Amino acid sequence: MPIYEYVCTHCGEVSEHLVLGKDEAVSCPACGSAGVKKLLSVSSRASGAKDGHRVPGPRDTGCCGTSPAAQGCVPGSCCGKAP
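When you line the sequence shown up against the working numbering, it's residues 4 to 86, in that order.
To be clear, the hints were calculated from the coordinates, so they are not data collected in a lab. Be aware that a few hints might be false.
Stated by the list, open to error - EDC-like, lysine to aspartate or glutamate: derived pairs with alpha carbons at most 16 Å apart:
hint	residue 1	residue 2
1	LYS40	ASP26
2	LYS41	GLU8
3	LYS40	GLU8
4	LYS40	GLU19
5	LYS40	GLU16
6	LYS41	GLU27
7	LYS25	GLU8
8	LYS41	GLU16
9	LYS41	ASP26
10	LYS40	GLU27
11	LYS41	GLU19
Nothing here was measured: the structure is a model prediction, and the numbers come from that model.
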């Protein structure tokens with residue numbers, strides 16, 4: 004059963020949902036809004052990097068003050084925490 008990540012278009016909360024069927028309704032757990040957008044998920048794995056760099060998480064904020072899930076916050080940008 005797939006777990007998808009969603010961002011609320013009303014309050015900006017990022018959450019994960021276990022979706023059993025393609026027609027299952029998903030709502031924001033923080034504000035209850037049905038206005039949620041599925042995020043593109045990337046698989047994660049241990050990189051073995053010793054330099055302290057990591058992939059940003061959903062609750063992180065970059066130097067621009069937005070979440071990595073925010074539109075326009077792409078890998079390699081300030082919000083993507085590129086070195």
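Review point. So which of those numbered hints doesn't the model satisfy?
Key: none
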